[in-house]
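Undergrad: The chain contents come next:
There are 2 protein chains.
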Amino acid sequence: MKIGIIGGTGDIGQGLALRISDKHEIILGSRDPAKAVEAAESIIATLKKRGTVSSCRGTSNEEACKAADLIIISLPFQHVASTLAGIDPKYIAGKIVISPVNPMIRKDGFFYNNPPEEGSAALAIRKMLPESAKLVTAFNNIAARKWTILDEVLDYTVAVCGDDAEAKKTVIKLVRETSQLYGLDAGPLAVSGIVESITPLAINIAQINGLKDLGVYIK
Amino acid sequence: MKIGIIGGTGDIGQGLALRISDKHEIILGSRDPAKAVEAAESIIATLKKRGTVSSCRGTSNEEACKAADLIIISLPFQHVASTLAGIDPKYIAGKIVISPVNPMIRKDGFFYNNPPEEGSAALAIRKMLPESAKLVTAFNNIAARKWTILDEVLDYTVAVCGDDAEAKKTVIKLVRETSQLYGLDAGPLAVSGIVESITPLAINIAQINGLKDLGVYIK
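Going down the list, the sequences are from chains X and E.
Each number in the numbering used here comes from the position in the first sequence (counting from 1) with 440 added on.
Each number in the numbering used here comes from the position in the second sequence (counting from 1) with 440 added on.
I should point out that these hints are in silico values taken from the structure, not numbers from a laboratory.
A portion of the hints provided could be inaccurate.
Between beta-carbon pairs, the in silico distance windows are [stated by the list, open to error]:
id, chain 1, residue 1, chain 2, residue 2, range
1, X, Val477, E, Val593, 35 to 41 angstroms
2, X, Lys475, E, Glu606, 48 to 54 angstroms
3, E, Lys613, X, Pro529, 52 to 58 angstroms
Here are the simulated lysine to any residue pairs, SDA-like style, with alpha carbons at most 20 angstroms apart [stated by the list, open to error]:
id, chain 1, residue 1, chain 2, residue 2
4, X, Lys659, E, Ile643
5, E, Lys659, X, Ala630
6, E, Lys609, X, Ala630
7, X, Lys547, E, Phe550
8, E, Lys547, X, Glu558
9, X, Lys609, E, Leu651
10, X, Lys652, E, Tyr657
11, X, Lys659, E, Ile589
12, E, Lys613, X, Ile648
13, X, Lys659, E, Glu558
14, X, Lys659, E, Val593
15, E, Lys659, X, Asn649
16, X, Lys613, E, Leu651
17, X, Lys659, E, Phe550
18, X, Lys659, E, Asp653
19, X, Lys609, E, Pro555
20, E, Lys652, X, Tyr622
21, X, Lys659, E, Asp595
22, E, Lys659, X, Phe550
23, E, Lys659, X, Ile648
24, X, Lys547, E, Glu558
25, X, Lys547, E, Asp604
26, E, Lys659, X, Tyr657
27, E, Lys609, X, Gln647
28, E, Lys547, X, Ala630
29, E, Lys659, X, Ile643
30, X, Lys488, X, Thr618
31, X, Lys659, E, Ala583
32, E, Lys659, X, Lys613
33, E, Lys659, X, Leu590
34, E, Lys547, X, Ile643
35, X, Lys652, E, Phe550
36, X, Lys659, E, Ala646
37, X, Lys659, E, Lys609
38, X, Lys659, E, Thr588
39, E, Lys659, X, Gln620
40, E, Lys659, X, Gly655
No residue lacks a Cβ here, since even glycine has one placed at the ideal position from N, Cα and C.
Pulled out of the complex, with its shape left as it was, chain X reads as follows (with noise of 0.2 angstroms):
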């Protein structure tokens, strides 16, 4: 599968590739291509180092969409929109796109869900897509310093929702190939709130208890 990642260069788009470009192409977008081709350079460099073939490579986040058959959005909320503003949304159009977006905001200290009226960022999004993208949330609980280290092994648990089934069992299935991560189907995007408001949860109770890198495990 070809996968595009708009934010490409960032923790999400970073991991992916050094974890999955050995099964599948990996596409890093960015507002500047340049940095996008130096990340996927560095990367298959790590990996050839290790004996592995890969393939990623960068480009512009619109040429990441435009090549994928599945989207990922790793960006902070409060750039999904006009970044996707930037892009042909023909690039985007029936394609599956993943939301691992988390909206938070910090006040006295702790980290709080931030959601918009939509109820979550992934509604929100939905709504700056073209009618015929297949939007699931996925990827959201996940520290971002462990998606880049390569030898940290991810066992988390995966909460995957949507409203396509077809698309929502492509996502299990990739989360299911990035190390040892545990997809599950936790429902429609109606529910994908709940998913979002974990990570600002998981990061107080690191911070308060002295803790690094927490995950969520559900089982």
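Using the hints, position chain E against chain X.
TA: For chain E alone, kept in the frame of chain X given last:
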């Protein structure tokens, strides 16, 4: 410690009585005191067979509050206001009160978090209690059925929220004395809505994926 449980014939009351009435005095309250007396006797008999000496008795909800150092509200959210209205506030004043309450609705086959306008059940319950009561949330995300099966080890993460640091410490200690539950400070009462919302998520995941009694680990 003397622990009074409002709605004590439910899963949490019976579960806690089974698991910590050897260390603490458990007072099960009920609308129907005879039912609470019966439940307490059954628990004592069960523990006696295992050679455990326990302290557990049943009474009314008001008497349970009166006798307690710490009060647990084990009721569906929609019954909390009317039940508290029937208890003299002087029996609650100054005490630690634990809310394990999760406000939920079912719609189109899925469970949703359904918080009151305050943002969470706990924030609404806070307003129903005397000013001097110290409200803490705990035990929110434990599968109901597992509570009462004494051979089931409970080793989940219990996210504890509250605005009184000392009360929170006491509750975290109590949580950690209960089976192998791992209590962690999760921040102020203002974030309790996130913890409450994880319960419908876990129920949906269990239901959709044919799993049972799912619990949450944040680690």
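Undergrad: Decide, hint by hint, whether the structure agrees.
TA: Hint check:
no.: 1; hint: Val477(X) with Val593(E): 35 to 41 angstroms; result: violated, 51 angstroms
no.: 2; hint: Lys475(X) with Glu606(E): 48 to 54 angstroms; result: holds, 50 angstroms
no.: 3; hint: Lys613(E) with Pro529(X): 52 to 58 angstroms; result: holds, 55 angstroms
no.: 4; hint: Lys659(X) with Ile643(E); result: holds, 11 angstroms
no.: 5; hint: Lys659(E) with Ala630(X); result: violated, 27 angstroms
no.: 6; hint: Lys609(E) with Ala630(X); result: violated, 36 angstroms
no.: 7; hint: Lys547(X) with Phe550(E); result: violated, 32 angstroms
no.: 8; hint: Lys547(E) with Glu558(X); result: holds, 17 angstroms
no.: 9; hint: Lys609(X) with Leu651(E); result: holds, 17 angstroms
no.: 10; hint: Lys652(X) with Tyr657(E); result: holds, 14 angstroms
no.: 11; hint: Lys659(X) with Ile589(E); result: holds, 17 angstroms
no.: 12; hint: Lys613(E) with Ile648(X); result: holds, 16 angstroms
no.: 13; hint: Lys659(X) with Glu558(E); result: violated, 30 angstroms
no.: 14; hint: Lys659(X) with Val593(E); result: holds, 13 angstroms
no.: 15; hint: Lys659(E) with Asn649(X); result: holds, 11 angstroms
no.: 16; hint: Lys613(X) with Leu651(E); result: holds, 18 angstroms
no.: 17; hint: Lys659(X) with Phe550(E); result: holds, 18 angstroms
no.: 18; hint: Lys659(X) with Asp653(E); result: holds, 8 angstroms
no.: 19; hint: Lys609(X) with Pro555(E); result: violated, 30 angstroms
no.: 20; hint: Lys652(E) with Tyr622(X); result: holds, 16 angstroms
no.: 21; hint: Lys659(X) with Asp595(E); result: holds, 11 angstroms
no.: 22; hint: Lys659(E) with Phe550(X); result: holds, 18 angstroms
no.: 23; hint: Lys659(E) with Ile648(X); result: holds, 13 angstroms
no.: 24; hint: Lys547(X) with Glu558(E); result: holds, 17 angstroms
no.: 25; hint: Lys547(X) with Asp604(E); result: holds, 18 angstroms
no.: 26; hint: Lys659(E) with Tyr657(X); result: holds, 8 angstroms
no.: 27; hint: Lys609(E) with Gln647(X); result: holds, 16 angstroms
no.: 28; hint: Lys547(E) with Ala630(X); result: holds, 11 angstroms
no.: 29; hint: Lys659(E) with Ile643(X); result: holds, 11 angstroms
no.: 30; hint: Lys488(X) with Thr618(X); result: holds, 19 angstroms
no.: 31; hint: Lys659(X) with Ala583(E); result: holds, 11 angstroms
no.: 32; hint: Lys659(E) with Lys613(X); result: violated, 24 angstroms
no.: 33; hint: Lys659(E) with Leu590(X); result: holds, 19 angstroms
no.: 34; hint: Lys547(E) with Ile643(X); result: violated, 30 angstroms
no.: 35; hint: Lys652(X) with Phe550(E); result: violated, 33 angstroms
no.: 36; hint: Lys659(X) with Ala646(E); result: holds, 9 angstroms
no.: 37; hint: Lys659(X) with Lys609(E); result: violated, 27 angstroms
no.: 38; hint: Lys659(X) with Thr588(E); result: holds, 18 angstroms
no.: 39; hint: Lys659(E) with Gln620(X); result: holds, 16 angstroms
no.: 40; hint: Lys659(E) with Gly655(X); result: holds, 5 angstroms
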